[in-house]
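Asks: Chain residues, written in single-letter form:
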Amino acid sequence: MTHTNEFISQLASKLGRPTPIEPPQPVSINVPQYHLSNPEERALTFLTNWQALGGKGTIVKSLEDTVKCLREWFRDQQAIWPNKQQAIVAWDMLPTVAEFAFAALEWPLVRYTQAAQNPRERYSLAAQAELGVTGADWGIALSGTIVINSNPQRGRAISLLPPRHLTFIEVSKLRDNLFEVLEELISLGVPPSAIEMISGPSRTSDIEMDLSIGVHGPIEVYVVVIDD
Amino acid sequence: MTIYNLTIDQLVDKALADDFLRLATRRATDRLRNNKYKATEELGDWEKWRQAGETIRTHVVANLDYYLQQLIVQVEKQGGHVHLAKTPVDAVAYVRNIVWEHEARNVIKSKSMISEEIHLNHALENEGSTVIETDLGEYIIQIAGEPPSHIIVPAMHKTRQQVTELFNPIAGHELTSDTPTLTRFVRLQMRERFLQGDMGITGCNFAVADTGSIVMVTNEGNGRMVSTLPRVQITLMGMERIVPSFRELDVMLNLLARSATGQRLSSYTTILTPPKHTSDSDGPEEFHLVILDHNRSEILGDKTFRTALNCIRCGACFNVCPVYRQIGGHAYGSVYAGPIGSVITPLLEKDWEKWGHLPFFSSLCGACSEACPVRIPLHDLLVKLRARKTLSGHTPKIEQQIFKAYRYFFTHERTLRRVLRLGSRLQMPFVRNGRISGGPPPLSNWTKSRTLPKVAPKSFMQMWSELKHK
Numbered sequence: 001m002t003h004t005n006e007f008i009s010q011l012a013s014k015l016g017r018p019t020p021i022e023p024p025q026p027v028s029i030n031v032p033q034y035h036l037s038n039p040e041e042r043a044l045t046f047l048t049n050w051q052a053l054g055g056k057g058t059i060v061k062s063l064e065d066t067v068k069c070l071r072e073w074f075r076d077q078q079a080i081w082p083n084k085q086q087a088i089v090a091w092d093m094l095p096t097v098a099e100f101a102f103a104a105l106e107w108p109l110v111r112y113t114q115a116a117q118n119p120r121e122r123y124s125l126a127a128q129a130e131l132g133v134t135g136a137d138w139g140i141a142l143s144g145t146i147v148i149n150s151n152p153q154r155g156r157a158i159s160l161l162p163p164r165h166l167t168f169i170e171v172s173k174l175r176d177n178l179f180e181v182l183e184e185l186i187s188l189g190v191p192p193s194a195i196e197m198i199s200g201p202s203r204t205s206d207i208e209m210d211l212s213i214g215v216h217g218p219i220e221v222y223v224v225v226i227d228d
Numbered sequence: 229m230t231i232y233n234l235t236i237d238q239l240v241d242k243a244l245a246d247d248f249l250r251l252a253t254r255r256a257t258d259r260l261r262n263n264k265y266k267a268t269e270e271l272g273d274w275e276k277w278r279q280a281g282e283t284i285r286t287h288v289v290a291n292l293d294y295y296l297q298q299l300i301v302q303v304e305k306q307g308g309h310v311h312l313a314k315t316p317v318d319a320v321a322y323v324r325n326i327v328w329e330h331e332a333r334n335v336i337k338s339k340s341m342i343s344e345e346i347h348l349n350h351a352l353e354n355e356g357s358t359v360i361e362t363d364l365g366e367y368i369i370q371i372a373g374e375p376p377s378h379i380i381v382p383a384m385h386k387t388r389q390q391v392t393e394l395f396n397p398i399a400g401h402e403l404t405s406d407t408p409t410l411t412r413f414v415r416l417q418m419r420e421r422f423l424q425g426d427m428g429i430t431g432c433n434f435a436v437a438d439t440g441s442i443v444m445v446t447n448e449g450n451g452r453m454v455s456t457l458p459r460v461q462i463t464l465m466g467m468e469r470i471v472p473s474f475r476e477l478d479v480m481l482n483l484l485a486r487s488a489t490g491q492r493l494s495s496y497t498t499i500l501t502p503p504k505h506t507s508d509s510d511g512p513e514e515f516h517l518v519i520l521d522h523n524r525s526e527i528l529g530d531k532t533f534r535t536a537l538n539c540i541r542c543g544a545c546f547n548v549c550p551v552y553r554q555i556g557g558h559a560y561g562s563v564y565a566g567p568i569g570s571v572i573t574p575l576l577e578k579d580w581e582k583w584g585h586l587p588f589f590s591s592l593c594g595a596c597s598e599a600c601p602v603r604i605p606l607h608d609l610l611v612k613l614r615a616r617k618t619l620s621g622h623t624p625k626i627e628q629q630i631f632k633a634y635r636y637f638f639t640h641e642r643t644l645r646r647v648l649r650l651g652s653r654l655q656m657p658f659v660r661n662g663r664i665s666g667g668p669p670p671l672s673n674w675t676k677s678r679t680l681p682k683v684a685p686k687s688f689m690q691m692w693s694e695l696k697h698k
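First to last, the sequence lines map onto chains A and B. If you read the first sequence in our numbering, its first letter stands for residue 1, the second for the next number, and so on. If you read the second sequence in our numbering, its first letter stands for residue 229, the second for the next number, and so on.
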């Protein structure tokens, strides 16, 4: 008998029956879920809740809107970033509007996955960057959350190491509640190695219950909601 | 003298004499409790969510062998390694071997109550390896050499001045004691550690049986650092910390975040299915899951206390407990404090001599049971634990004598009357303003912090017989 078998059969004996061979019948869950009636309301609620957590956000309808908002948010800062060539790290491929907007602004993007051979060099690059740019797979209106699946063209450190994180999300990807997102995750089959659900900036109240932003993760978080 | 060497009475006295601790405990518990009220009310029909949580947890615990087996198969299929630890010593040995094998110098760690339960850092430090706690609160108490005083806010008992004094020698200069300065110092200090970390150790809020995933609920982002950057990841979990699938996570994550801090979701809720895929550009290449029993299987086999395994470690019971609010976490002397700590510590440690006091750290008011998001009848379990302790013969001699005397007098009416009359005379030297204060032990155990009503000049029995004659 292996150690695992022994461990499991000991639990079965504590439970007073043999370990079931068939999966147990899932429990039925009956809780009132939060629902919104239309995409406009969903986008507004998402944004309001994201902002309440300390994030910045806006809804854009066009490329011009996007360029204008990025300029407003980052131009003054960007002007004084010391190493402009390496200041912004991004996914290999951002949502189309985002790609066009950065091209129009002529702000160079470093593609994280291709930036270095060695992971440590990639980390250090991301840690020295001023801004990390990603997309998102879903947003959750109720909690003001963005949900990002990992994959080889993305890189998890982009939303983690730079002091600022900017994400782009289409209105069609917003959901009302967490349950809807989990159901879609289940339908994907095998989950990605990381699913990051991010609700606002890094926060802590560990010193005298005094809220403090940015102890480890990004200090400023931005979201552009693309009206598609 | 560190708090590890004090007796329970000394710990309680120390806590009661510490004005800042008591202020800080009230402040933290009030804040967390009020935030929880707001977050649970807005969800609509919180009772339904609690019931769902209870149903899910009870189902998992009742099928724990099945789900654990499923989890192990999934993790191994994905290339992870699973270690089933019967005892804390097993768990520590396993982690230590991985650290040795990799010659890991820079081990970075996010919050894990299991690591406290098995005293991991202490064991590794004795071997010359250093583990850095990266959660701000855990980092503070690691430098101070103290255990956590609250399950969610571990350094709640430290003043900003104390924190500053702990940080100054590391900074090499005087820091100011405002929160932004202290936070920025830790951010800079930890960055290097994160980037150079060659091994990460994390806790686990939930493990998903059918996908082999680990769910971590954090706010600072250190949990993400520890599970993204190092080449090797070790995750520690208690063996009951399972959900069957993603489907049940909705209820569990809502209950946890809202009950713990009053958030709708924590800043970072991360679902990891390690190790990384070959072509991923970050994430651990090697993954070890350490699953701890430590007498949880005994609790599983004990129908009276099985529901204690339903706990999701949110800390809501701490924040409503009138005892915890007076004395804070250290006075319990145990890794897990608060009502749930008083229930599980004697069961996990199986040592009435050392932990028999814990079920008595309760007024049995039931606020804990009401606060529990998975409806564990905590105050009921505390009463049953008291009975267990008494039946196992671990009551102090003096208490046994007192109850023997009590039984004697109340079955011998005449003697009782005589003793009461005697009592009303003997009490004379200790009566001040109509109340008893002072006196010899064991009376003094009570009177040193409060008074007793004096024995009435005329007893109820006397009055009753006089009334009957009228």
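To be clear, the hints were calculated from the coordinates, so they are not data collected in a lab. Among the hints, erroneous ones may be present.
The following label-pair restraints were derived from C-beta to C-beta distances [claimed, not checked]: (1) B:N354 with A:D227: 44 to 50 Å; (2) B:V301 with A:P152: 54 to 60 Å; (3) B:D579 with A:Q128: 20 to 26 Å; (4) B:R388 with A:N30: 42 to 48 Å; (5) A:L211 with B:L671: 21 to 27 Å; (6) B:E270 with A:P23: 33 to 39 Å; (7) B:E581 with A:L211: 49 to 55 Å; (8) A:S28 with B:T235: 47 to 53 Å; (9) B:E304 with A:L211: 56 to 62 Å; (10) B:N354 with A:T4: 36 to 42 Å; (11) B:E581 with A:Q153: 57 to 63 Å; (12) A:A115 with B:T404: 33 to 39 Å; (13) A:N30 with B:S620: 40 to 46 Å.
Think about it this way: if two alpha-carbon atoms lie no more than 27 Å apart in a straight line, the pair counts; the simulated BS3-like pairs of lysine-lysine are [claimed, not checked]: (14) A:K56 with B:K266; (15) A:K14 with B:K266; (16) A:K84 with A:K14; (17) B:K276 with B:K531.
Simulated coverage check for chain B against chain A, where a stretch passes if three residues somewhere in it have a Cβ under 8 Å from a Cβ of chain A [as the list claims (entries may be wrong)]: (18) 243-250; (19) 334-348; (20) 359-367; (21) 371-385; (22) 542-548; (23) 552-565; (24) 663-672.
Heads up, the beta-carbon is just placed ideally off N, CA and C, and yes, glycines get one too.
Asks: Is it true that the C-beta distance of L211 (chain A) to L671 (chain B) lies inside 21 to 27 Å, as the hint says?
Replies: Between L211 (chain A) and L671 (chain B), where Cβ atoms are some 48 Å apart, the hint is violated.
Asks: Examine the stretch 542-548 of chain B: at least three residues should have C-beta closer than 8 Å to a C-beta of chain A.
Replies: violated (count 0)
Asks: Given that the stretch 334-348 of chain B was listed as covered by chain A, double-check it with a C-beta distance under 8 Å for 3 or more residues.
Replies: violated (count 0)
Asks: For the pair D579 (chain B) and Q128 (chain A), does the Cβ-Cβ distance stay inside 20 to 26 Å?
Replies: Since the Cβ atoms of D579 (chain B) and Q128 (chain A) sit about 51 Å apart, the hinted range of 20 to 26 Å is violated.
Asks: Given a hinted range of 33 to 39 Å, is it respected by the beta-carbon distance of E270 (chain B) and P23 (chain A)?
Replies: 35 Å, holds
Asks: Indicate whether the distance between the beta carbons of S28 (chain A) and T235 (chain B) respects the range 47 to 53 Å.
Replies: 50 Å, holds
Asks: Below or equal to 27 Å on CA atoms is what counts here, so check K14 (chain A) against K266 (chain B).
Replies: 40 Å, violated
Asks: Quick check: the stretch 552-565 of chain B, covered by chain A? Criterion 3+ residues, Cβ under 8 Å.
Replies: violated (count 0)
Asks: Given the hint that K84 (chain A) pairs with K14 (chain A), test it: the Cα-Cα distance must not exceed 27 Å.
Replies: 63 Å, violated
Asks: Taking 57 to 63 Å as the hint, is the beta-carbon distance of E581 (chain B) and Q153 (chain A) inside that range?
Replies: 59 Å, holds
Asks: Okay, the stretch 663-672 of chain B and chain A, do three or more residues pass the C-beta test at under 8 Å?
Replies: violated (count 0)
Asks: Taken at face value, is the distance from the CA of K531 (chain B) to the CA of K276 (chain B) at most 27 Å?
Replies: OK: K276 (chain B) and K531 (chain B) at ~25 Å, within 27 Å.
The structure fails to meet hints 1, 2, 3, 5, 7, 9, 10, 15, 16, 18, 19, 22, 23, 24 from the earlier list, while all remaining hints are met.
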